[in-house]
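Sequence lines, in order, name chains A and B.
Sequential numbering of the first sequence, starting at 1, is according to the working numbering.
Sequential numbering of the second sequence, starting at 1, is according to the working numbering.
Calculated directly from the structure, the hints in this document are not laboratory data.
Treat the hints with care, as some may be off.
Here are the simulated BS3-like cross-link-like pairs (lysine-lysine), alpha carbons at most 30 angstroms apart as the crow flies [as the list claims (entries may be wrong)]:
id	chain 1	residue 1	chain 2	residue 2
1	A	LYS69	B	LYS210
2	B	LYS249	A	LYS12
3	A	LYS147	B	LYS210
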Amino acid sequence: MAAYQLQINGKKINAEAASDMPLLWVIRDIVGLKGTKYGCGIAQCGACTIHIDGSPVRSCQIPISTLSKKAKITTIEGIGETELHAIQEAWIEEQVPQCGYCQSGQIMSAVALLKDNPQPTDEEIIASMNGNLCRCGTYSRIHQGIKKAAIALKEGASSSSNDK
Amino acid sequence: MKHSANSRRFFIKTSALAGVGLVIGLPKLQGEALKSITKNLPPEFINLEINPFIIIRTDGSITLINPRPDMGQGSMQAAPSLLAEELEVSLEKVTIIQSDGQSKYGSQQSGGSSTVRGLWYPLRKAGAAAKEMLIQVAASRWATSTDLCFAKDATIYLKDSDKSFSYGELAEDAAKLPVPKNPKLKNPADFTLLGKYNKRLDIPSKVTGKAVFGIDIEVPGMVYACIQHSPTIHASIISVDDTQTLLVKDVQKVIRCKRTMPHRQSDAVAVVASTWWAAQKGRSLLNVKWDEGQLALTQTTDAYFQKAYEAAKKEGVRHEEKGDFLAKFNSASAKLEAVYETPFLAHAPIEPECAVVHYKEDGTAEIWAHVQGPDGGLADAARFLGIDQDKIKFHVPLLGGSFGRKAYHDYLSEACFLAKELKKPVKVLWTREDDITQGPYRPGMLSRVQGMVSNGKLTGFHHHAIGESIVGQVFNGLKPDEADPWLSGELSTENNQYQFPVSKVSWTHVKTDIPIVWWRSVYASNFGWGQECFIDELAHLAGKDPLEARLAILKDERFRKVLETLAEKANWKEKLPAGKGKGLAIFASFGSISACCITVSTSGKGIIIEKAVSVIDCGHYVNPDNVVAQTQGNIVMGISAAIKDGITFSNGKCDQTNYHEYQVLRMNETPEMEVHIIQSGAEPGGVGEPGLPPVAPALGNAIFAATGIRLRKLPIDISSIS
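Between the sequences and the hints, there should be enough to build the whole structure, so can you do that?
Here's what the structure looks like:
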């Protein structure tokens, strides 16, 4: 057992955990943020996707002891805290989730994609999202949601630049 | 799950609760039984429970109860919409909660695509009866006729006046009135909610991570358990060495426990710890000696299918027959016979099996379990714990997918077993490996099919279903030489409307100890493949276009409309270049008719699935967008079942362990999809499952159209076909 200080969603959080405990279980069962999901434990399904310093990672694969002290962790609870992210808005607009279980991971992957690549092509969307499984089969709506969010972000950016 | 579409319909007035309450929708309950219903409710609820599904408080706030757990099929919207339509309330302004298994809610099983078709009348009547009672009170206060009053937005208005009462103001007096036995239901033409596009209100919580699934339940003092299951089917434990396990920090205990399946128990070992991670790490360090017994030697999927193919050489037990099929087949000059195969499949919902059980010192229990049926879950938990149902408080959180799996309560049995030992709350969570290797699975099945043609027309069809019986294994309910009664649901003439001069459905039971259970669309997911590919084979034998050949033997107008709409929407008649092909299939199940057309092309790297168009006639429905979503999901799951991994067993052990070996469809493999809904206005049918059965045969037929290769065994490795 060791004490770790984590930065999660902009907050400093102290967590005591076994050094080999994957970040997924630290986040869920020690910190108590349940939005990040367990699906496979071997980085095959993407349900546990979070951001470390803005990049999407599979939290089931990161023992807490290997995490850099400066790492900034973002979970689904840190997305759209004050105002929903364009991806979340698009997910509602497109009525993407069915059971919803994989959607935290899907959204984390999609948010990271648009941050790096605000206008992705269809192929780029598939390449970025292919690691996230959805057994309900919401893929076409996820794809459509990302395209909608990309347009919304572009329009939002141009209207805010017009404001200036 | 198999269930009658007719849910219980009781509308019996009972005596007033605490002098002023009223319950509609209950069987006759008096005295203690009545008190038991109300005792757990907060005081403000007691007086105003208009019926089990509708609770109105004096402040006007309204709670609607959804009796069917939501596993992604949209019941959290669908069921309350049935109430709200007739009660004239807006879903945005009410609270919706999940039922808890108590018998007053009737059947609560999400299964057999039964939510809307089973509740279409009962819940609408419950809403309409409550509305009529509220109107009566308002009319009496205004000393006027009920005809001059109308309900809108949780308010009763007096026509041509500014007078109104909120439901909250009326509920207490309304509860004193007799319950109308046959409340007037709205004409579908007047629906404002049913059949209309409405956004699902559960979705915002599913995009912010706030939705609470079974795996998310945490209660004070809770410990976690990770369970070492039998590595081969039903092995028994010789010894357990837990020395290394108990050295793991946070591991508290190792307990030999039982996994109770409906038909038998299996040995298991639970590692209990203060974190699940520690429990599963401790489990990995267990040294368990298993006696694998005979099953490890005999139980392989190869051996099972070998027996099944042997059975396909003989006649089976007759299930139903029109004319003398065999005589006609033997004398026919143009005929075909083939055997189609479907594999065992895992449900593999992304949320694995999980349950939290707290068995208390006083002999009562509280349970949080993502079961498909709260009533069945409660009954099983009572049996597992050995206590009465009324000693258990049962909660059903959201299901992170299920597809039939979570209606099988083995994981709940383990949590109950451990809770009784531990006397503190325990969360059992299966690993993905447990989910894939332990089953139960969709059974692999064979369809032996025979048919003949004459003068360009299909004149006979025999579907001989061969394999393990769910009724037989799970419920131990199939007599020797009895045809599986579930064939009635999948292959009966009601579901298969082809008008053959002679036809037959028969059955051979091939047993296996590989645990099996219902999987999305149950046997329809198996038999659609054999039926609809073979109809194509017969069409080609008859020299006919597969669409025309089907229409020539379909009289039923709804079936014809579905096929004709599909042909139009999928541009069936379009001329395709060489190397491209379209295939179609139609199959009815769970009260709905669904057809699918798939377009494929060949490339140097195998088959590419370009597009899938589905048409569904599900009669009346709640939300067209949800019908589309479910049908899209069925296309994805149907293609996954057709081209991705099946489950195989060698030496009594599952060969697949996780999503890398049991691969399911990903985004890059998902074709462009189109879904069209037929506005038939017929009685509601199912939506969650009927879209799946025609998908695989549409693909098989498309591959034949593109390549001339007739595939009869699933799964198909599309990368190897060109």
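Given the hinted pair LYS69/A and LYS210/B, is their alpha-carbon gap at most 30 angstroms? holds, 27 angstroms
Are LYS249/B and LYS12/A close enough, with their CA atoms no more than 30 angstroms apart? holds, 25 angstroms
Would you mind confirming whether the straight-line C-alpha gap from LYS147/A to LYS210/B stays at or under 30 angstroms? Roughly 24 angstroms separates the two Cα atoms, so the pair holds.
Figure legend: structure checked against the earlier numbered hints; every hint is met.
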